[in-house]
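J.: What follows is each chain in one-letter form.
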Amino acid sequence: MTAPENTQNPQNAENNTDFAIEGHGDISVGVKGAGASGDGSASATRITPGNALRPEDIALEVRKGQVKPNEDVAEYALRLGDDGLILAQRLGHWISRAPELEEDVALGNIALDQLGHARSFLTYAGAAWDKSEDDLAYFRREHEFRSAHLFEQPNGDFAVTIARQFIVSYYQFELYKRLTGSSDQTIAAIAAKALKEVDYHRDHSAQWVLRLDGGTEESRRRIVRAFKLVWPYVEELFEDDELTARLAETGAGVQPSSLRADFDQLTGEILAEGGLDEELALERIPQSLGGGRQGKHSEHLGYLLAEMQVLAREHPGASW
Amino acid sequence: MASQNLQSVPAELSPEELELERAGQANFDRIISEDSRIEPRDWMPEAYRKTLLRQISQHAHSEIIGMQPEANWITRAPSLKRKAILMAKVQDEAGHGLYLYSAAETLGQSRDKMMEDLIAGKARYSSIFNYPAVSWADMGAIGWLVDGAAICNQVPLCRASYGPYGRAMVRICKEESFHQRQGFEILLELSNGTEAQKQMAQDAVNRWYAPALMMFGPPDDDSPNSKQSMAWNIKRFSNDELRSRFVGMMVEQVKVLGLTLPDDQIRFNEETKKWEHGPLDWEEFKNVLAGKGPCNAQRLERRREAHDDGAWVREAAAEYARKQAEKEHAA
Amino acid sequence: MIPNDSPTDHPNAWPLWEVFVRSSRGLSHVHAGSLHAPDAAMALRNARDLYTRRNEGVSIWVVPADAISSSDPDSKGSFFESPQGKDYRHATYYTKSEGVKHL
Numbered sequence: 001m002t003a004p005e006n007t008q009n010p011q012n013a014e015n016n017t018d019f020a021i022e023g024h025g026d027i028s029v030g031v032k033g034a035g036a037s038g039d040g041s042a043s044a045t046r047i048t049p050g051n052a053l054r055p056e057d058i059a060l061e062v063r064k065g066q067v068k069p070n071e072d073v074a075e076y077a078l079r080l081g082d083d084g085l086i087l088a089q090r091l092g093h094w095i096s097r098a099p100e101l102e103e104d105v106a107l108g109n110i111a112l113d114q115l116g117h118a119r120s121f122l123t124y125a126g127a128a129w130d131k132s133e134d135d136l137a138y139f140r141r142e143h144e145f146r147s148a149h150l151f152e153q154p155n156g157d158f159a160v161t162i163a164r165q166f167i168v169s170y171y172q173f174e175l176y177k178r179l180t181g182s183s184d185q186t187i188a189a190i191a192a193k194a195l196k197e198v199d200y201h202r203d204h205s206a207q208w209v210l211r212l213d214g215g216t217e218e219s220r221r222r223i224v225r226a227f228k229l230v231w232p233y234v235e236e237l238f239e240d241d242e243l244t245a246r247l248a249e250t251g252a253g254v255q256p257s258s259l260r261a262d263f264d265q266l267t268g269e270i271l272a273e274g275g276l277d278e279e280l281a282l283e284r285i286p287q288s289l290g291g292g293r294q295g296k297h298s299e300h301l302g303y304l305l306a307e308m309q310v311l312a313r314e315h316p317g318a319s320w
Numbered sequence: 001m002a003s004q005n006l007q008s009v010p011a012e013l014s015p016e017e018l019e020l021e022r023a024g025q026a027n028f029d030r031i032i033s034e035d036s037r038i039e040p041r042d043w044m045p046e047a048y049r050k051t052l053l054r055q056i057s058q059h060a061h062s063e064i065i066g067m068q069p070e071a072n073w074i075t076r077a078p079s080l081k082r083k084a085i086l087m088a089k090v091q092d093e094a095g096h097g098l099y100l101y102s103a104a105e106t107l108g109q110s111r112d113k114m115m116e117d118l119i120a121g122k123a124r125y126s127s128i129f130n131y132p133a134v135s136w137a138d139m140g141a142i143g144w145l146v147d148g149a150a151i152c153n154q155v156p157l158c159r160a161s162y163g164p165y166g167r168a169m170v171r172i173c174k175e176e177s178f179h180q181r182q183g184f185e186i187l188l189e190l191s192n193g194t195e196a197q198k199q200m201a202q203d204a205v206n207r208w209y210a211p212a213l214m215m216f217g218p219p220d221d222d223s224p225n226s227k228q229s230m231a232w233n234i235k236r237f238s239n240d241e242l243r244s245r246f247v248g249m250m251v252e253q254v255k256v257l258g259l260t261l262p263d264d265q266i267r268f269n270e271e272t273k274k275w276e277h278g279p280l281d282w283e284e285f286k287n288v289l290a291g292k293g294p295c296n297a298q299r300l301e302r303r304r305e306a307h308d309d310g311a312w313v314r315e316a317a318a319e320y321a322r323k324q325a326e327k328e329h330a331a
Numbered sequence: 001m002i003p004n005d006s007p008t009d010h011p012n013a014w015p016l017w018e019v020f021v022r023s024s025r026g027l028s029h030v031h032a033g034s035l036h037a038p039d040a041a042m043a044l045r046n047a048r049d050l051y052t053r054r055n056e057g058v059s060i061w062v063v064p065a066d067a068i069s070s071s072d073p074d075s076k077g078s079f080f081e082s083p084q085g086k087d088y089r090h091a092t093y094y095t096k097s098e099g100v101k102h103l
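Residue numbers (this note's numbering), protein chains in the order written: chain A, 1 to 320; chain B, 1 to 331; chain C, 1 to 103.
Think of the hints as simulated: they come from the structure by calculation, not from any bench.
We put the CB at the ideal spot given by N, CA and C, even for glycine.
Don't take every hint at face value.
[Claimed, not checked] Every beta carbon over 10 Å from chain C, so not counted as near; a handful from chain A, in silico:
#1 A106
#2 Q207
#3 R211
#4 G274
#5 R313
[Said to hold, decoys possible] Once the Cα atoms are required to be at most 27 Å apart in a straight line, the calculated DSS-like pairs of lysine-lysine come out as:
#6 B:K50 <-> A:K64
#7 B:K81 <-> A:K131
#8 A:K196 <-> B:K81
#9 B:K50 <-> B:K113
#10 A:K228 <-> B:K323
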């Protein structure tokens with residue numbers, strides 16, 4: 001896949017408009033010296049849209065017929081996309097409810113990253129079946145979703161959300177790291193963009209695990225409880241099946257089990273720092289049967305989808 | 001003048017203190033007359049500080065409470081693109097509240113204290129957020145009308161005489177440049193959509209129009225604090241002036257939307273060169289401000305819940321920091 | 001920013017940090033705003049999330065607000081009086097060499 005087309009990124013070099021704001025003209029600060037170039041207030045608020053792969057770029061390539069996944073790759077992209085989508089739906093609920101305003105913004109960023117990955121993967125997957133990201137997100141039924149159980153686990157308290165995010169981001173980091181070398185160029189490109197973002201999610205959740213672990217008695221109690229609640233869904237993430245075997249063969253995907261050792265080592269280091277690992281005795285926590293990749297879900301997903309899909313389904317065929 | 005009631009005059013001042021006050025006032029007056037900026041550690045009249053603190057904290061509270069009606073639709077947004085946009089917008093509002101709290105903190109009040117006042121019902125915020133967002137089209141109407149009105153108010157505030165406030169507003173205005181547009185485009189899409197969608201859009205515009213106009217505050221002859229705020233270069237234009245400008249913009253934009261404003265008395269007064277609109281229900285405005293809006297209790301409860309539920313997290317992080325500092329100290 | 005002036009009426013309230021952002025290589029860090037965070041590590045992360053979510057920067061500094069010492073505005077200008085009148089510090093002072101190339 002080629003780099004995103006510059007024509008699609010509305011502004012590249014010329015976006016340093018500093019004080020000109022589209023829509024409502026120049027903003028005058030009325031302070032001498034607060035000009036448009038190089039000075040303090042201007043440079044601290046210069047904003048740019050950046051230059052990264054966006055779901056719209058993939059949609060464009062799909063429309064132009066430049067990319068189309070084969071059936072296996074599409075199914076694989078569907079799994080990855082559903083994981084991100086369901087998690088974004090969960091995380092989105094936190095915005096306006098976080099423990100501190102700074103955390104509203106942080107969790108919002110993570111949700112937006114996950115949603116971005118989901119949109120890219122779903123757009124690509126849909127190309128195989130002539131479906132859009134929205135067809136896939138809003139008009140599939142519960143058993144047609146391919147997300148793993150961990151992603152649909154309820155937010156719980158902040159500790160549960162952090163424990164879930166901790167596992168997810170360490171898993172996704174190892175996964176995307178390998179997928180940057182995928183023989184499928186689109187998967188590789190999406191993974192490359194996602195990898196950098198997930199790296200930060202890892203850091204964010206690890207910082208919080210350390211703080212909740214080493215904070216107060218209450219926070220320690222809560223983070224222990226949280227890990228016990230979500231850890232049963234770890235095994236499912238690393239289960240191989242026929243699809244992943246075939247994709248590993250072609251080099252388009254990886255066997256999930258191949259990520260496990262690195263995941264265990266890196267999460268283990270964080271959990272060992274405050275002694276959480278011993279208290280949790282993770283290896284003794286029974287692992288759930290899973291089944292999400294085959295469309296077998298927990299009781300939670302139905303509610304989540306009902307809320308997510310209600311409006312779109314009320315107006316089938318409508319454009320928003 | 002109402003603002004004088006705020007002035008707390010210390011009972012006894014020594015001659016030296018009096019001299020400092022006099023010099024401080026002279027310096028303050030000079031800075032204001034030069035239309036320059038007051039910075040946090042400058043001497044300022046107590047009434048100026050209190051007026052600013054009240055205005056900035058109310059502004060911050062409005063951003064934070066204002067997240068709720070939109071956040072309620074994040075999980076139901078009807079397309080993934082709209083979901084992403086809405087998330088980014090509500091997230092921005094958290095950021096904007098935060099910038100404003102920071103500006104208010106430079107006046108000597110902690111964010112925690114302001115938050116406490118908010119959830120105790122002691123602080124005000126823009127009363128428009130006490131109306132419910134009942135349909136997806138409300139996301140459009142809030143963006144177009146409510147953010148539109150907010151931007152009209154805020155652009156002149158970038159030049160407010162208090163430095164930190166002006167700087168916060170610059171950042172906010174830049175970031176908000178997409179907020180109004182995304183709202184407009186939601187409505188445009190609905191208006192060009194199915195009959196049901198168009199109806200949804202018109203209904204939302206009908207409900208948000210008057211509350212949006214009232215966001216500019218009471219009419220000038222009923223706005224006792226405005227004059228002093230303008231003398232201090234905090235406020236640059238009167239409530240009615242801004243409201244009239246806003247109506248003029250909306251009346252053009254609504255045509256592009258293919259919708260109508262629920263006001264058949266809008267007209268351009270050739271004599272005054274100002275846009276005029278139909279009567280607004282200021283009784284309702286006062287009632288909603290006084291806590292009688294449809295969502296007042298709900299909004300505060302939601303904020304209280306988030307704050308209370310987060311207490312153990314804030315405490316844990318603070319405790320961890322203390323422990324780490326001790327460790328470093330011992331090492 | 002105002003060092004030391006935030007009341008600590010809440011023992012578990014996170015302290016205030018001042019954030020400085022370098023918008024691109026070659027430019028100075030510039031004060032972007034403030035935030036609350038329990039410690040420096042989180043302050044940096046919060047600053048990244050808050051002040052660079054539109055690509056505003058390539059580098060961030062965070063400084064505890066109470067670690068900043070500030071000149072005293074009550075000295076009414078005397079602090080900044082000395083540079084006034086010393087025009088010989090500026091190239092424009094030297095008029096006779098005006099017009100000489102590459103000088």
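J.: Taking the hints in turn, state whether each one holds.
T.: Hints and how they fare:
no.	hint	verdict
1	A106	violated, 5 Å
2	Q207	violated, 6 Å
3	R211	violated, 7 Å
4	G274	holds, 15 Å
5	R313	holds, 32 Å
6	B:K50 <-> A:K64	violated, 60 Å
7	B:K81 <-> A:K131	holds, 15 Å
8	A:K196 <-> B:K81	holds, 21 Å
9	B:K50 <-> B:K113	holds, 15 Å
10	A:K228 <-> B:K323	holds, 26 Å
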